[in-house]
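Engineer: In case you want the letters, here they are:
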Amino acid sequence: MEFSILTLCYLIGSVTFIIGLKMLSNPATARRGNLIAAVGMTIAIIGTIFLYRDEDSGEKLHNYLWIFGGLIIGGIIGTLAAKKVKMTAMPEMVSLFNGMGGACAALISIIEFGHYAHAGFKNSIQEAYEAGDQIDDAVLSLGVQTGVLITIFAGLIIGSVSFAGSMIAWGKLNGKIKDFAFKGQHIVNQVILVTILALSTYIIYRIKISVGSTDDAPEVPLNITGISLLFYGVLALSLLYGVLFVMPIGGADMPVVISLLNSFTGVAAACGGFLYDNKVMLTGGILVGAAGTLLTILMCKAMNRSLLNVLIGSFGGGNKPAGAGGSKEQGAYKEISLSDTAVIMSYAHKVMIVPGYGLAVAQAQHACHELEKLLESKGVDVKYAIHPVAGRMPGHMNVLLAEADVSYDKLQEMEQANEEFPTTDVVLILGANDVVNPAAKTDPSSPIYGMPILDVELAKNVIVNKRSMKPGYAGIENDLFFQPKTSMLFGDAKKVLQDLIAEIKNL
Amino acid sequence: MEAVLKWLSDSQQIIYIVILMIFVGIEVIGRVPSVLHTPLMSGANAIHGVVIIGAIIVMGKAESDNYVALILGFLAVILGTLNVVGGFVVTDRMLEMFKSKKK
Numbered sequence: 001m002e003f004s005i006l007t008l009c010y011l012i013g014s015v016t017f018i019i020g021l022k023m024l025s026n027p028a029t030a031r032r033g034n035l036i037a038a039v040g041m042t043i044a045i046i047g048t049i050f051l052y053r054d055e056d057s058g059e060k061l062h063n064y065l066w067i068f069g070g071l072i073i074g075g076i077i078g079t080l081a082a083k084k085v086k087m088t089a090m091p092e093m094v095s096l097f098n099g100m101g102g103a104c105a106a107l108i109s110i111i112e113f114g115h116y117a118h119a120g121f122k123n124s125i126q127e128a129y130e131a132g133d134q135i136d137d138a139v140l141s142l143g144v145q146t147g148v149l150i151t152i153f154a155g156l157i158i159g160s161v162s163f164a165g166s167m168i169a170w171g172k173l174n175g176k177i178k179d180f181a182f183k184g185q186h187i188v189n190q191v192i193l194v195t196i197l198a199l200s201t202y203i204i205y206r207i208k209i210s211v212g213s214t215d216d217a218p219e220v221p222l223n224i225t226g227i228s229l230l231f232y233g234v235l236a237l238s239l240l241y242g243v244l245f246v247m248p249i250g251g252a253d254m255p256v257v258i259s260l261l262n263s264f265t266g267v268a269a270a271c272g273g274f275l276y277d278n279k280v281m282l283t284g285g286i287l288v289g290a291a292g293t294l295l296t297i298l299m300c301k302a303m304n305r306s307l308l309n310v311l312i313g314s315f316g317g318g319n320k321p322a323g324a325g326g327s328k329e330q331g332a333y334k335e336i337s338l339s340d341t342a343v344i345m346s347y348a349h350k351v352m353i354v355p356g357y358g359l360a361v362a363q364a365q366h367a368c369h370e371l372e373k374l375l376e377s378k379g380v381d382v383k384y385a386i387h388p389v390a391g392r393m394p395g396h397m398n399v400l401l402a403e404a405d406v407s408y409d410k411l412q413e414m415e416q417a418n419e420e421f422p423t424t425d426v427v428l429i430l431g432a433n434d435v436v437n438p439a440a441k442t443d444p445s446s447p448i449y450g451m452p453i454l455d456v457e458l459a460k461n462v463i464v465n466k467r468s469m470k471p472g473y474a475g476i477e478n479d480l481f482f483q484p485k486t487s488m489l490f491g492d493a494k495k496v497l498q499d500l501i502a503e504i505k506n507l
Numbered sequence: 001m002e003a004v005l006k007w008l009s010d011s012q013q014i015i016y017i018v019i020l021m022i023f024v025g026i027e028v029i030g031r032v033p034s035v036l037h038t039p040l041m042s043g044a045n046a047i048h049g050v051v052i053i054g055a056i057i058v059m060g061k062a063e064s065d066n067y068v069a070l071i072l073g074f075l076a077v078i079l080g081t082l083n084v085v086g087g088f089v090v091t092d093r094m095l096e097m098f099k100s101k102k103k
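Quick mapping for you: the protein sequence lines, in order, are chains A and B.
Position one of the first sequence corresponds to residue 1 (UniProt numbering), numbered consecutively onward.
Position one of the second sequence corresponds to residue 1 (UniProt numbering), numbered consecutively onward.
Please keep in mind that the hints were generated in silico from the structure rather than gathered at the bench.
Possibly wrong hints are sitting among the right ones.
Using C-beta positions, here's what the derived DEER-type ranges look like [to be verified]: (1) Ile192/A to Ser64/B: 57 to 63 angstroms; (2) Leu8/A to Ser11/B: 20 to 26 angstroms; (3) Leu507/A to Gly30/B: 45 to 51 angstroms; (4) Pro33/B to Lys178/A: 30 to 36 angstroms; (5) Gln416/A to Gly30/B: 18 to 24 angstroms; (6) Tyr67/B to Asn26/A: 45 to 51 angstroms; (7) Ser11/B to Glu415/A: 45 to 51 angstroms.
Every residue, glycine too, gets a C-beta built ideally from N, C-alpha and C.
Chain A on its own, in the form it takes in the complex:
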């Protein structure tokens, strides 16, 4: 009876995950979808705690104090962190939480392996014997033992890579870790990956021949300590691989990597589902793994890049783009004063604002909204042009602007915006670099070549707000800044906007 109720709990969990994910992909229902998935998760967790019984022994779970202690501590830290984090730091937070999930999956594998090592790896075979299975020994040792071992290793490797990668991504997004690459890094990465796989295969094979008690697979004494050491070797290499895998990737490719790691963790969770024959873990994990992979591909498409390109190309990072940056003639840029900007903008018919990460770090979204209202009151048509990867993550900019109450219908997606630029009088670029860089269209040697951009140069005037002439996140120069139509307005986005508002009010 209890067990059937648990099955029901898991069924509800799986269904709510599907419904929740479906609703999350539509703006009108997204919030409710998130809530539904959360409720389903809670049901599955509570059901597990109170109703789970071991399949063989029929024993209930124990160590409740530890379990609840962990749940409460994790719950409090998680809630506080999630509530306190600034909207600008959202991508970091997502990456951090993802890493926690990966670590959790890896820990499960470590404990399970320790459990089997402790019992001399004979558990599952003996259990099957006791259950009176008629399967012959060879199949048994291969079927039961190997399956479990493969799942343990998969969970360990994928979880650790996801954890280490997410931590690096987190550090990079908040600027603590710089891009890092060395010559032949991809080869080193591949060697590590092959070593991980080879080592895992060896361990599984070694355990199989020492435990499998058949004629063709003679019993060879197994050195448990040695095997355990090798197991931790796999763990260490997987962590190293995660670090090296994310290290060279930079710039606008970061969200793609986070999304990819997200689906990795999904697969790691599904491994747990295999291990415990637990359907809710399996469905939840695979669901996220598949959806995350598709999301990753969609993001790549939005930037007109292939996934392979992202992973191998080390976009903007590491191998410094000498062709695009240093050698080219830069010419002179011209500066524009605040008062001139104020005049141009207040007498324009149509203004497009292009928000970028500069706006986000300066927390200038409120000031930006204020400027928009002020200009509107003067009869200027103000809209926002949002590049799909503006900010640090797709949709990040929309979240920021939404926080400042910017009306939804003022936000134009890239295609719409590009149609409107020719009839626009002033484009105000707030701390965006790479998404307006014409090199993406004109310079095949540029690392961002092929990425769709906002065609701001079609407008009559382009005003660029930046803190300095330093190149943007992708580390490449932007020809736009040196074009005759373009004027530079230096300073911190928030301060400039506030001064600009004061200036317009004084006109």
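Guided by the hints, dock chain B onto chain A, whose structure is given.
Structural biologist: Same frame as chain A, now just chain B:
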């Protein structure tokens, strides 16, 4: 070969689930607007926190005197909870903002 076939027929239920879920996952977020990429990623992130169930099982099965397993399991439960709770709360905060300006 025989073993592989045996494994296939033994675990066919699970294999069916995996294949179906892959299609469901792809189908469910088929045409998502880029506006929602971040919240969707974050929401999916919270869902894979379901790995917490594994952590609870491993913790609940550990012998009360096996301190290594207890401590590692305890850590796993904390991290898993962080993933679940943090993930859902962060997603909700993001989506709340979308809602506020929708009149």
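Engineer: Taking 45 to 51 angstroms as the hint, is the beta-carbon distance of Tyr67/B and Asn26/A inside that range?
Structural biologist: Since the Cβ atoms of Tyr67/B and Asn26/A sit about 48 angstroms apart, the hinted range of 45 to 51 angstroms holds.
Engineer: Can you let me know if the beta-carbon spacing of Ser11/B and Glu415/A is within 45 to 51 angstroms?
Structural biologist: Given about 46 angstroms between the Cβ atoms, the range holds.
Engineer: Cβ-Cβ distance between Pro33/B and Lys178/A: within 30 to 36 angstroms?
Structural biologist: holds, 33 angstroms
Engineer: Given the range 57 to 63 angstroms, decide if the beta-carbon distance of Ile192/A to Ser64/B lies inside it.
Structural biologist: violated, 38 angstroms
Engineer: Between the beta carbons of Leu507/A and Gly30/B, is the distance compatible with 45 to 51 angstroms?
Structural biologist: holds, 49 angstroms
Engineer: Holds or violated: the 18 to 24 angstroms window for the beta-carbon distance between Gln416/A and Gly30/B?
Structural biologist: Hint holds: Cβ distance 22 angstroms, inside 18 to 24 angstroms.
Engineer: Looking only at beta-carbon atoms, does the pair Leu8/A, Ser11/B fall within the given range of 20 to 26 angstroms?
Structural biologist: holds, 23 angstroms
When held up to the earlier numbered hints, the structure conflicts with hint 1 and nothing else.
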